[in-house]
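This is what each chain is made of:
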Amino acid sequence: MTALSGTPTVRTLTELDLDGIVRIAEKTRGRYEPDLWEDRVTYYLRRAQEGSVVAELDGEVVGFMLGDIRSGEFGIEERSGWIEVLGVDPDLAGRGVGRALADEMLKRYGARGVRTVRTMVDRSMPEIEAFFTKLGFEADSLRPYSKRID
Amino acid sequence: MTTTTTEIPKKFHDAVLKWRETYLPDYDYLIENWDRYFPRDDKFRLCAYREQGMPCAIECGEDAGKPKFTKACEMKPEAAQHLVAAIRAQASTEFGSIQQHQLTLARAQDEEEQAMVLRMMAEELRHGYQMLHLLTEDDWRPITGQTREQTVEEILSMKTGSHVLGAFNIDFESFVDNIVFCGLIDRVGKYQLAMQKVSAYAPMADSMPQMLREEAFHLAAGVVPLRRWVVKAAHGAATITMEVIQKHLNKWVPRAYEMFGDERGGGTNVKWGLKPMKNAEAQDQYAKEVAKVVRDLNMRYLRARLPELTLTEAEAGLSALERDRGGFRGVRFAELLRLPHREYARRRGVPAFTMVGLDGEKFENLEAFLAHLVRTLPDGYRATRDFQDYVTNLTAVARGEKSAAEAQKFMPQLRRVGGVCPCSKAVRWVADAGVELPAAV
Numbered sequence: 001m002t003a004l005s006g007t008p009t010v011r012t013l014t015e016l017d018l019d020g021i022v023r024i025a026e027k028t029r030g031r032y033e034p035d036l037w038e039d040r041v042t043y044y045l046r047r048a049q050e051g052s053v054v055a056e057l058d059g060e061v062v063g064f065m066l067g068d069i070r071s072g073e074f075g076i077e078e079r080s081g082w083i084e085v086l087g088v089d090p091d092l093a094g095r096g097v098g099r100a101l102a103d104e105m106l107k108r109y110g111a112r113g114v115r116t117v118r119t120m121v122d123r124s125m126p127e128i129e130a131f132f133t134k135l136g137f138e139a140d141s142l143r144p145y146s147k148r149i150d
Numbered sequence: 001m002t003t004t005t006t007e008i009p010k011k012f013h014d015a016v017l018k019w020r021e022t023y024l025p026d027y028d029y030l031i032e033n034w035d036r037y038f039p040r041d042d043k044f045r046l047c048a049y050r051e052q053g054m055p056c057a058i059e060c061g062e063d064a065g066k067p068k069f070t071k072a073c074e075m076k077p078e079a080a081q082h083l084v085a086a087i088r089a090q091a092s093t094e095f096g097s098i099q100q101h102q103l104t105l106a107r108a109q110d111e112e113e114q115a116m117v118l119r120m121m122a123e124e125l126r127h128g129y130q131m132l133h134l135l136t137e138d139d140w141r142p143i144t145g146q147t148r149e150q151t152v153e154e155i156l157s158m159k160t161g162s163h164v165l166g167a168f169n170i171d172f173e174s175f176v177d178n179i180v181f182c183g184l185i186d187r188v189g190k191y192q193l194a195m196q197k198v199s200a201y202a203p204m205a206d207s208m209p210q211m212l213r214e215e216a217f218h219l220a221a222g223v224v225p226l227r228r229w230v231v232k233a234a235h236g237a238a239t240i241t242m243e244v245i246q247k248h249l250n251k252w253v254p255r256a257y258e259m260f261g262d263e264r265g266g267g268t269n270v271k272w273g274l275k276p277m278k279n280a281e282a283q284d285q286y287a288k289e290v291a292k293v294v295r296d297l298n299m300r301y302l303r304a305r306l307p308e309l310t311l312t313e314a315e316a317g318l319s320a321l322e323r324d325r326g327g328f329r330g331v332r333f334a335e336l337l338r339l340p341h342r343e344y345a346r347r348r349g350v351p352a353f354t355m356v357g358l359d360g361e362k363f364e365n366l367e368a369f370l371a372h373l374v375r376t377l378p379d380g381y382r383a384t385r386d387f388q389d390y391v392t393n394l395t396a397v398a399r400g401e402k403s404a405a406e407a408q409k410f411m412p413q414l415r416r417v418g419g420v421c422p423c424s425k426a427v428r429w430v431a432d433a434g435v436e437l438p439a440a441v
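In the order they appear, the protein sequences are chains A and B.
So in the working numbering, the last spot in the first sequence is 150, and the numbers never skip.
So in the working numbering, the last spot in the second sequence is 441, and the numbers never skip.
Everything labelled a hint here was simulated from the structure, so no lab data went into it.
Source: prediction; values computed, not measured.
Possibly wrong hints are sitting among the right ones.
[Unchecked claim] Listed below are several chain A residues computed to face chain B (Cβ distance under 7 Å; list not exhaustive):
1) Glu15
2) Leu16
3) Glu26
4) Leu36
5) Asp39
6) Thr42
7) Arg46
[Said to hold, decoys possible] From the structure, some residues in chain A lie toward chain B, with a derived Cβ separation under 8 Å:
8) Asp19
9) Arg23
10) Lys27
11) Glu38
12) Phe131
13) Phe132
Glycine included, every Cβ here is placed at the ideal spot set by N, Cα and C.
Given only the sequences and the hints, what does the whole structure look like? Please build it.
As structure tokens, then:
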């Protein structure tokens, strides 16, 4: 595969991006999971066609960010933009792909009247925490709780 | 952005409900079982949507930058004529596709796939309803000479065979048609909707975003089952094979290309600001997109046949198969799907009634080309009146009895009179005399 060059362009997610997303996920997670990602991509496409984006370089999908605008859950009445799934081709780490995706998502949310954007970060992924911190995200009072049901 | 909703005047709304009773008899089942099949999606609602916050200025054409038109009477008559023809054609395709899908909906082998198609049909109904909203909200009589009542009645009375666009006059023979149609023909619809989103006529532009959101599901309703089928085919399933899928691609892809209109046309729509690109450019983009769909399906097939492949090996293997058309670790190129050549089996546009084969090979001999069509098209389709009409015209052109232009212009309109079910004894086939089809918009 020839090396990709240039600045990524970011555009709205379409169902044609699935194979690119599957490829990125396979590179990062080590598993070929087309059905899983198809389910996720279809879900986001149905919920809000312009709410999720992909980054493209030389016609190849090199990153994706899936999200949605919601309110009324967890006691949050304010319409909030959510960034829920993020993936960047590891071969292009440090090339600004994630930043480009986030900038576009934040711009789109702002254009739709959103004033707060939320996400959740696993403490076991410091690089993700660092990414969102650099973007200006801060730890929130909302905390994830979980309980195992065996 | 937010949307507002509205209903068309009651008499027209009731007419659509009546139409639905005949052509979408499983609608109530869909609504009753909506939460079972689509638990995360908003429930279906039959209404017209209008997106708020859309651009107010015309985005292309000779009036770019000026305020968008909100009424037909504000437009130049020729532009309004083009526009109303497009709206009517759009309405016709929406209702027409439901009639097609209904024929073979019950033949689905998988309940979930069937539910996806049923939901798609309900949303196509809403799209037709949206177009009726445009046709009844504004006064088009000075342009069409028709009252609103006449327009609505004309559209709702169309049956398979009398719809404006050719693809919607071809019967489905099996559930494979339903799925390939969703994946390919709805994809053309997506292009048209995306282009119409920049329409200089604001009500049309405002109608598109919700339709595009719904169309995204329709495409998934086609592509998701196709992906499952190629994986099953890779595992040796005897039900739907790669050969069956390929023959259905061969049946529908030429019709999809023709839906963009003549390759030389579309300039008028760009000039009037109704669409941002000409027919050939839109068709080129579509061809690239469908090529991607086919490649993705082939990748699924290859990785299902050879699950031990890494990502790098799979990509290299598929590229080698495509380049050399040979074999890769026991998988032959002939097993894979391929996109029919742009000029294959065409009856409209620049390559109409030329004898070009699946891979672009030129035929000099009519009999040889007909034999090629027999090998490459589904058996059930070859027994239809549509295929018979194509062969009749093709033969006439090949023998010099008719020019391609004449054969293009006049295709007998086929109407089914009587019940929807093809098994109904009440069904009669009526072939009208040649009818000049409307110029491609």
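Results for each hint:
1. The restraint placing Glu15(A) at the interface with chain B holds, with a minimum CB-CB distance near 5 Å, inside the 7 Å limit.
2. Satisfaction of the interface hint for Leu16(A) is found here, the shortest Cβ-Cβ separation to chain B being roughly 5 Å, below the 7 Å cut-off.
3. Hint status for Glu26(A): holds, given a least beta-carbon distance of 5 Å to chain B, under 7 Å.
4. Here the hint on Leu36(A) is broken, as its CB sits about 13 Å from the closest CB of chain B, past 7 Å.
5. Using the Cβ-Cβ criterion of 7 Å, the hint placing Asp39(A) at the interface with chain B is not satisfied: the shortest such distance is roughly 9 Å.
6. Against a cut-off of 7 Å between C-beta atoms, the interface hint on Thr42(A) holds, since the closest Cβ of chain B lies about 5 Å away.
7. Taking 7 Å as the C-beta cut-off, the interface hint given for Arg46(A) holds, the closest approach to chain B being about 5 Å.
8. Nearest Cβ of chain B to the Cβ of Asp19(A): about 5 Å, under the 8 Å cut. The hint holds.
9. Hint status for Arg23(A): holds, given a least beta-carbon distance of 6 Å to chain B, under 8 Å.
10. Against a cut-off of 8 Å between C-beta atoms, the interface hint on Lys27(A) holds, since the closest Cβ of chain B lies about 7 Å away.
11. This hint holds: Glu38(A) has a C-beta 6 Å from the nearest C-beta of chain B, less than the 8 Å allowed.
12. Among the interface hints, the one on Phe131(A) is violated; its C-beta lies about 24 Å from the nearest C-beta in chain B, farther than the 8 Å criterion.
13. With its C-beta approaching chain B no nearer than about 26 Å, Phe132(A) sits outside the 8 Å limit, and its interface hint is violated.
Against the hints set out earlier in the document, violations occur for numbers 4, 5, 12 and 13.
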